[in-house]
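In order, the protein sequence lines correspond to chains A and B.
Residues 1 to 537 in this note's numbering are what the first sequence spells out, letter by letter.
Residues 1 to 537 in this note's numbering are what the second sequence spells out, letter by letter.
Because the hints were derived from the structure by calculation, they are not lab data.
All of these numbers come straight from a predicted model, not from anything done at the bench.
No false leads were slipped in.
Below, simulated DSS-like cross-link-like pairs (lysine-lysine); rule was C-alpha separation at most 27 Å, straight line:
no., chain 1, residue 1, chain 2, residue 2
1, A, K327, B, K326
2, A, K327, B, K377
3, A, K333, B, K326
4, A, K333, B, K384
5, A, K253, B, K423
6, B, K116, B, K381
7, A, K160, A, K112
8, B, K384, A, K329
9, A, K196, B, K377
10, A, K438, A, K474
Here is what each chain is made of, one letter per residue.
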Amino acid sequence: MKNRNSILIIILVLAAFLRFWQLGQMPYGITNDEASYIYSAYSISQTFKDVGGKILPLSFNLENPLSPVPIYLNAIFLRFLGLSVFTGRFLYALLGVGCVFLLFLLAKDLFKNTKIALISALVLAVSPWHLHISRSAYEAGVALFFFLLAVLIFIKNVKKGNINWSLPFFILAFYSYHATKIFFVFFVLILLYTHKSVFKRRKELVLFLTVVSVIIISFFIIGKGQGGLERGSLFLYNDMETAANFVDLEREKSLAFFDVRQIFNNKPLYFLRIMREKYFNAFSPQFLFLYGETTGLAGLYGTFFRGVMYIIELPLLLLGLFVLLQKYKRARKIILFSLLIAPLTTTFTIDTSYVMRAVMMIPFLCLLVGLGIFSFQKMVIAHKKKVIMVFIVWYLFLVASYLYQYHFRYIIYGAETWFRSNRELATLIKDNKEKYDKVEVVGPGGMFILQYGVFTKTDPEKIQKIWNEKVPRKLENITFTDGCLDVDDETLMESLPPRTLYIVPEIKNCHQQVVPSLVIKEFMEPARIIWKIYATE
Amino acid sequence: MNKKILFLILLLAAFLRLFSLGSVPAGVTNDEMGYIYNAYSLAKTGNNVFGEPWPFLTWIYGQGFPFMPVTTYFIAPFVGLFGLTATMARFPSALLGILDVFLIYALVKLLFKSNKLALLSSLFLAISPWHLFLSRTAYDANMALFFYLLGTTLFIWEIKRKRLPFFSMAAFWLAVFSYRGMTPIYPFLIIILFWYSWRILKMNRQQAVVLIIGAIIIAGSFLFIAQKYSDRGFIAEALPDKNKIQQEVDIQIRQSHGPVLIRRVFLNKPTYLLRKWQENYLGGYALNHLFLSGEYGNIVSTPEQGKFYILDLLLIIPGALYLFKKNRAGAGLAVCLVLIAGIPGMIAGPIYLSRNFFLVAILPIFTAGGILFVFGKMPSKRFKTALLIIMALIYVYFVGSFLFNYYGRFAFHQSENWFKSLKDVSLVIEQQKNKYDEVVVAPSSWQELLQYAFYTKMDPNLVQKAWHDKEEDALRTGNVRFEDNCPDQEEKDPRLAFSDEEEKALIILRGDKCFEQATPSSRIKDFFGNTYWRIYE
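With the rest of the complex left out, here is chain A (with noise of 0.2 Å):
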């Protein structure tokens, strides 16, 4: 017992190490929504206020609303922390260490069995979705963490105990991110369903149901009063257009009777195939070992040429499938049936992003591949180590090769993916500013005023004031404004006023012909210009 102990607390180390080691650098930069959770909440922990000023809103609404409880709960982090991108992020890289505990007793209590329980910690610790959301400020893994300690919770009063003590944290979990919301209603049922002695327990069920039905109406008062509902739009049937458009052209291109036509091509048979594809493709190989997300926001939610799980762990998966499918009968109701749930919201939904929207999918593969890897030690420990020793060699060097192209590759070639640039802009803003009387920042869009305050921990009060400003805005002397000057290119330098800094996108195509004094560059070859910055003295 106590080597097990000692196995589980370097499984944590070792998930802490692959948290937090370089999570300041690596991503390098900081995305919009990153921007937005974190200088949200270093707003909130400073003012009490959030970025556009409204005191301890329940939804935070920037260009995307956000949901509170990250939020909150990263104030608190950040009020004693201080603010960086280190600490920004720490709070979601803590709960991704987290996770990791709560599998490993949510697999013990499932399974009834420590061994699997350490595996399966394991197979979370080192896993490379896993690691990718934990290693940024993006609020799934908080909602990961939330249900996780949940249906714990949930499951560990089942038998003796109240159920509605998971409540609290269903809570928390629901205002943690928007996407797992569908997943929030389908799961309950399913603990229900796979737990029916709750059944015989009336009270505490009412009152469950209740708290439950509480807080999913809850979520349409507050999004009504506060905002937040405006995410409803990326629904597949807002899309009725496109629907309408593809029907039409599919009977047009057709030979049969019309009537046939009508049977096989109709909308409710498009939208049922989009969403069967959607769904589908979240359980495929080419996602979960192959390439990962390759749509969207492709190269911000995941590594690009790799999937979400090792490849060492498809036939691992399998045999875990199989083990699951005919011992574990009451892990099977739950493991199974929450897998099949995890990927709903991004089938109902126009855009695909499986990393973030099925985030709810991990822990329950890892589960799999947990009692996979039990399953096969078991079947070849009796003949050969060898093969032990081999199966352990791949997969470290899985694990390697994974962490090679995350910290030595991506870095390079995800670098602008992740807004390196700002990253380099604001610095360089902050450290030259007091040398300039103006500093003039051409286009760089309302959330590069956050970046800028999580770079150079402006005081939010500052941000605040001009959060809710048309452009030009005014930030001390720094000038946001959306067009470049309207001069020619051979009397800029002239018609700049003395001692400014003047910053403008190579985007934006201005002054073409006049060199600038400084550039910031992209990491990776070709090595495009970003930013031009054009000094006068």
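Position chain B against the provided structure of chain A, taking the given hints into account.
What follows is chain B alone, placed relative to chain A:
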């Protein structure tokens, strides 16, 4: 009763494979033509299209893409005796497709001793979109599948009956020389069959010796042919492009951080190739093309249609459970056959339609098992009847949907991928050539001449002569010239370029490659109205 049901299934299989066989697919591809016209030429003259007498391999491109002997010589008597038509050319393939349905019945019965499972497996193969699709073409993979199934079934039967496996070895030889994609499967198939028959069927030593000697003879004859024809592209698809790999690896190494030694550990040619194989192999089992939207590329699939039905996907895992419960060793064998089916696709990459075709016959066994598994879980006969009706209705709808797609859409939408316009061109030439002194088809090649020869049932001696008398940039048969390039475009109108007062010419130009400004006398268009050929009289 069972025999009657089997007969009905075979009847259904025959109907689905033979109905409109000559007109859907709408044309004949060059890959089909390589078999069909060579077979016709051999049947009529004893020479292939190049005039080589009774060759082992045939070609239509001169170098590369050899046409395998078993397929060619199998088609020869059909087109030789019953005439050169698309129906007759595809008939052998369709016939073997129907026999596949019987063979899978026999194989499943041998392995699992279950009539129900065998009948359901044959039914699912009979209605399989993938199997239907290739059975209705003159592609070689379908031919190889038949001999593969025949060899496997015969082998198990021979071993069980304590007979020496001569017939099965002969069938495997035919399979290997039907289709090159069979070759990489072959050694694994022999190992699996050896394991199964040694461990499970208690094969005797004499049988084992025949199996080993047979396997060596087949491998030896293949290696001999591969060596003999290595300069004619016999194994071209299997060889990796070393230069390309080196270039890719160099780029990856250049664009990463870290010590060079570490870079080389993770980025090198073996890991690159392994990764490629891994991608190709798993690509062969991608849910997307197997069950959802089909394979990319119009020639290889019907629109929005997987190679299997979506419901098959849901039945595969329960099916595996059922099979393992029924007969562990038999199920193990089936799983192994599924796993080795992806090897040709792994080595050569897509197109999986033909390369991984051996999967088509094995997965229906799992689907059938899935149905029986679900039925076994039904609590009463009433539930079973209800389920039977629901399942039957769903499958009827799915099959109807596939047939609608295949006959109502694919036949017309993708007709040009099957060179339908060349059929139209050939018929125009046949009708008009006597009215003109010369007919010019440009730009065109040997393939266009073969298409013309096929649709006009040209004497193979004339085709061989055309090849023999080939001019530097044109092929001629009678008054029809197939020119490699666009005619001289000094004149603005091809009529002026070709005709003079004494000569009348019919000029048929491809697409808009030459004389794009000149208005043609008529056009040959596809279903969507795109012009493929312009005719100038």
